[in-house]
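Take the sequences, apply the hints, and build the full model.
Line order of the protein sequences matches chains D and X.
Numbers 41 to 402, taken from my numbering, label the letters of the first sequence in order.
Numbers 11 to 327, taken from my numbering, label the letters of the second sequence in order.
Hints are computed from structural coordinates only; laboratory data are not their basis.
Note that the Cβ used here is the ideal one computed from N, Cα and C, for glycine as well.
Keep in mind that the hints are not guaranteed to be accurate.
[To be verified] No farther apart than 20 Å at their CA atoms in a straight line, the calculated lysine to any residue pairs in the SDA-like style are these:
| hint | chain 1 | residue 1 | chain 2 | residue 2 |
| --- | --- | --- | --- | --- |
| 1 | D | Lys239 | X | Arg277 |
| 2 | D | Lys239 | D | Glu77 |
| 3 | D | Lys119 | D | Gly108 |
| 4 | X | Lys273 | D | Glu243 |
| 5 | X | Lys42 | X | Gly166 |
| 6 | D | Lys239 | X | Leu276 |
| 7 | X | Lys42 | D | Asn241 |
| 8 | X | Lys273 | D | His253 |
| 9 | X | Lys273 | D | Arg354 |
| 10 | D | Lys329 | D | Lys119 |
| 11 | X | Lys273 | D | Gly108 |
| 12 | D | Lys148 | D | Leu188 |
| 13 | D | Lys239 | X | Lys273 |
| 14 | D | Lys239 | X | Gly274 |
| 15 | D | Lys239 | X | Gly167 |
| 16 | D | Lys329 | X | Ser165 |
| 17 | X | Lys273 | D | Thr51 |
| 18 | X | Lys117 | X | Arg101 |
| 19 | X | Lys273 | D | Glu280 |
| 20 | X | Lys120 | X | Gly166 |
| 21 | X | Lys273 | D | Lys329 |
| 22 | X | Lys273 | D | Gln118 |
| 23 | X | Lys273 | D | Arg80 |
| 24 | X | Lys273 | D | Asn241 |
| 25 | D | Lys239 | X | Val197 |
| 26 | X | Lys273 | D | Glu77 |
| 27 | X | Lys120 | X | Ser88 |
| 28 | D | Lys239 | X | Asp140 |
| 29 | X | Lys273 | D | Gly324 |
| 30 | X | Lys273 | D | Asp254 |
| 31 | X | Lys273 | D | Pro79 |
| 32 | D | Lys329 | X | Val197 |
| 33 | X | Lys273 | D | Ser71 |
| 34 | X | Lys273 | D | Leu188 |
| 35 | X | Lys273 | D | Lys119 |
| 36 | X | Lys42 | X | Pro280 |
[As the list claims (entries may be wrong)] Non-contacting residues of chain D with respect to chain X, defined by C-beta distances greater than 12 Å in every case (computed):
| hint | residue |
| --- | --- |
| 37 | Thr78 |
| 38 | Gly86 |
| 39 | Gly89 |
| 40 | Gly101 |
As a plain string of letters, each chain reads:
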Amino acid sequence: MTALLEARHVTKVFGGGLLRKTQTVALENFSFQVSGETPRITAIVGESGSGKTTLARLLLGLVTPTSGEILYRGKDLQKLSGEDRRAFLHDVQAVFQDPFEVYNPFYKVDHVLELPIRNFGLAHSRRERRAMIEEALHAVGLRPEETLGRYPHQLSGGQRQRIMVARALLLRPRLIIADEPVSMVDASLRATILGSLLKLNQEFGISLIYITHDLTTAYQVSQDIIVLYRGSVVEAGDVEQVVRDPQHPYTRLLVGSIPLPNPDRVWQGERVLGRPAGELRPVGPSYCKFHERCPFAMPMCVEQAPPLFQTDPRRVTACYLYREAPAIQPEELVGVFANGHQVQVVSRPEAQREGGAGGVGS
Amino acid sequence: MTEVLRVEDLRVYYHTEAGPVKAVDGVTFALKPGERFGLVGESGSGKSTIALALLRLIRPPGRIEGGAIYLDGINLLSLDEEEMRRLRLARISLVAQGAMNSLNPVKRIKEQIGLALRDHGVQMSRAEFDRYVAGLLQRVGLRPEVATMFPHELSGGMKQRVCIAIAISLEPQVIVADEPTSALDVVVQWQVIDTLRRVQEELGAAVILIGHDMGLMAQTVDRIGVMYAGKLVEIAPTRELFREPLHPYTQLLIASLPSLDGKGELRGIPGLPPSLLSPPPGCPFHPRCPFVMDRCRVEESILREVRPGHWVACHLH
Chain D
41 MTALLEARHV TKVFGGGLLR KTQTVALENF SFQVSGETPR ITAIVGESGS GKTTLARLLL
101 GLVTPTSGEI LYRGKDLQKL SGEDRRAFLH DVQAVFQDPF EVYNPFYKVD HVLELPIRNF
161 GLAHSRRERR AMIEEALHAV GLRPEETLGR YPHQLSGGQR QRIMVARALL LRPRLIIADE
221 PVSMVDASLR ATILGSLLKL NQEFGISLIY ITHDLTTAYQ VSQDIIVLYR GSVVEAGDVE
281 QVVRDPQHPY TRLLVGSIPL PNPDRVWQGE RVLGRPAGEL RPVGPSYCKF HERCPFAMPM
341 CVEQAPPLFQ TDPRRVTACY LYREAPAIQP EELVGVFANG HQVQVVSRPE AQREGGAGGV
401 GS
Chain X
11 MTEVLRVEDL RVYYHTEAGP VKAVDGVTFA LKPGERFGLV GESGSGKSTI ALALLRLIRP
71 PGRIEGGAIY LDGINLLSLD EEEMRRLRLA RISLVAQGAM NSLNPVKRIK EQIGLALRDH
131 GVQMSRAEFD RYVAGLLQRV GLRPEVATMF PHELSGGMKQ RVCIAIAISL EPQVIVADEP
191 TSALDVVVQW QVIDTLRRVQ EELGAAVILI GHDMGLMAQT VDRIGVMYAG KLVEIAPTRE
251 LFREPLHPYT QLLIASLPSL DGKGELRGIP GLPPSLLSPP PGCPFHPRCP FVMDRCRVEE
311 SILREVRPGH WVACHLH
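Take a look at the structure:
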C-alpha cells in the first residue's frame, strides 16, 4: 500500500552556500507518512525555530528538500507530471496562519471559493456551484447570506480563516495541512474553527496535519503528535501519552510551561527541570540538541544524537534516559502511531522509487 | 489610602468619518498597592485603549471623552502635558504591546535605559550609571554584558526583559503591561512573566496585565476584569471568577478554553462581537447571549457588586 504523502529521510538546510558557518538545519532526517486509507489527525508541535513551518512547506512542495524526498502516492513531489500535479493540488490543501494574505482585496470573498470549483471543473452549473459553496460554508459554521458578496476587509479574521477551511473542504481533499490556523484568532472563535477542522476529519474522512506551537489545542484536536526541537523529533506517538505523561525533558518543559486556565494548577515553567547539568561540549557533529538546557545531560548526549527509543508500543522518545527501550529507525516512526502499523516500512527506498517512476510514465 | 489607582467612568472614543467608535465606554475599577490585576478581552474589546489612556497616550482621532483616573489621589486627566510627562515612568509605566520591537536598533541597551533616566532629570556619574544599569539588568535576570549590546543581539525574551527593566527603572507604583508575552514561545513566556512578577513584588508596585489568554491570567493575577465591547462586564478575584463566573460571556469564554484534563467538545461562542460604531441597545452581549431576556434588549446593565468583591453587569444578577 502506498502512502498518500510520505517524507523520507528529509533534511532541509537553509543558507550556507560555501560558508558552512551560516547554515541552518531547519529539519533533520525526518520521515513520516500520511495514509491514504485511514483518516488521522496528526499534530506537529514545536516552538519558533523547531522546523515545523519548514516541514509544512516541504510537504506542500513549496520548498525542496536538501536531501531525502517527499513522495505523493509514491512519486517524487518535485518531479510530478502535469496530471499527477493536478491530483496532488486537489488531494492536499493548505490552511495558513494569516488568511488575509491569501485574499485579493479587490475581489469579493466569493472569488476564492469559486476559483477551485472552476479550476477543477467540479460544478456543471451556476446553481450547482452556489449550492456547493453554501454547503461548504455551513460546514464551517458560516451563514452564506452573511458571508458571500463581501470583500475580505469586511469580514473578521475568524470569518476569513473559516472561509479558507471551507475552501479546503470544497475540493474534498484527502489531506489538509494547517499551519497555525488559529494563532491569530480570539479564544471564543478558536474553538469554533478547530471544531470545524475536527468535523472535516470525522464527517468527510479527511486527514489533517495540524502544525502549532500550542500543545493544548494539539491535545484537543489530534490523535497522534510529533514534538520537534530545532529540526529533530524529540518525542512522538499517541497524544494522550505524550501530552499527559511526557518523557523527553523538552516535552516535560513544554507541558509545564503552559499556563492552564485553572488557578489551582501550578504553573511551573523552567522549574520543572531545574538548572542545566553542566558544561558539556559536543564531541562530534551529531549530538542531542537539547543538551545545553537539559539538567539530565550526560556525556553520551554530546557524543552521538540519541535515536528514537520506543518506550511504549505507541510512543518514541529521543532521549538516553530511556536507552533501555529498543531503538527504532526514523522511517519506522509511523509504526508507533495507531493504525500506522498497516503501513509497510520499506527497507530499500531505491527499489521503491524506481517502481514509482515507472508509474509516472504509464 | 487603600487604592493606588482608581479609574472612574473612563470613556475613550475614536472619531471616525462614520461616527465615534466607543472603544472604552464607562469603565470603572480600582487597584490596591502591590496588586496584580488582569484585564482580559478579545480583540476590539477596548483593553489596549485603556492601557494607553492610563498613561494619557491616546492620539487623535482617539480622545479621552470623560471620566477620571486617580493615581494616588491625583486626577491624571486634570494635569497639563508637562506634569503628565514627569509622572510617566516615574509613577506609572507601560510595557506596550510589541514593546520589544520598539527598541532603537542602533543604540546600545544602556543608552536606551539612560535616555529614559535623563529625560526625567536623573543625574549620575558614569560609574554610578554603569552600576545602576547592571543592577537593573540583574533584576530582570539579564547578565551585565547585555548593557553594551544592541537589540538585534538579543532574543525576543531578552528584549522583553529589557523593556521591563526600562519600565521599572524609576520604580513606579503602577506598571501597565499590555500583552507582554504575546509573540513569545511558551517556555520564554513563563520566564518573562516570572520576571515581571518578581520585580513587581520587590518594588511593591501594582500591575495591570492586559491580555486575551485566560490561562496566563489564571496563573498570574489576583483579580480579573472581563471586557466586552468597551465595557467591563465582570470583576472578581481570579479563583472565584474561574470557579463561579456569573456573566454569561465569562461563562462561555471559560467553557471555550481547551484543557489538558481530558478531551472535551470544542465549543466557541456563537456570533461575533458587536460593532462599536453602532453597539446594540441594552446589554452589548444580548445578541449572543443564551439567557437573553426582553429587558436585556432595551435596558443597559450596570456593573454591580453582587457579593463582596464580585462585580457583574448582567440583568440575571
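Outcome of the hint check:
no.	hint	in the structure
1	D:Lys239 / X:Arg277	holds (12 Å)
2	D:Lys239 / D:Glu77	holds (18 Å)
3	D:Lys119 / D:Gly108	holds (14 Å)
4	X:Lys273 / D:Glu243	holds (18 Å)
5	X:Lys42 / X:Gly166	violated (31 Å)
6	D:Lys239 / X:Leu276	holds (10 Å)
7	X:Lys42 / D:Asn241	violated (50 Å)
8	X:Lys273 / D:His253	holds (18 Å)
9	X:Lys273 / D:Arg354	holds (19 Å)
10	D:Lys329 / D:Lys119	violated (33 Å)
11	X:Lys273 / D:Gly108	violated (36 Å)
12	D:Lys148 / D:Leu188	holds (8 Å)
13	D:Lys239 / X:Lys273	holds (15 Å)
14	D:Lys239 / X:Gly274	holds (14 Å)
15	D:Lys239 / X:Gly167	violated (37 Å)
16	D:Lys329 / X:Ser165	holds (18 Å)
17	X:Lys273 / D:Thr51	violated (34 Å)
18	X:Lys117 / X:Arg101	violated (25 Å)
19	X:Lys273 / D:Glu280	holds (9 Å)
20	X:Lys120 / X:Gly166	holds (17 Å)
21	X:Lys273 / D:Lys329	violated (32 Å)
22	X:Lys273 / D:Gln118	violated (39 Å)
23	X:Lys273 / D:Arg80	holds (16 Å)
24	X:Lys273 / D:Asn241	holds (16 Å)
25	D:Lys239 / X:Val197	violated (31 Å)
26	X:Lys273 / D:Glu77	violated (25 Å)
27	X:Lys120 / X:Ser88	violated (34 Å)
28	D:Lys239 / X:Asp140	violated (59 Å)
29	X:Lys273 / D:Gly324	violated (43 Å)
30	X:Lys273 / D:Asp254	holds (15 Å)
31	X:Lys273 / D:Pro79	holds (19 Å)
32	D:Lys329 / X:Val197	holds (16 Å)
33	X:Lys273 / D:Ser71	violated (28 Å)
34	X:Lys273 / D:Leu188	violated (34 Å)
35	X:Lys273 / D:Lys119	violated (41 Å)
36	X:Lys42 / X:Pro280	violated (36 Å)
37	Thr78	holds (19 Å)
38	Gly86	violated (9 Å)
39	Gly89	violated (9 Å)
40	Gly101	holds (28 Å)
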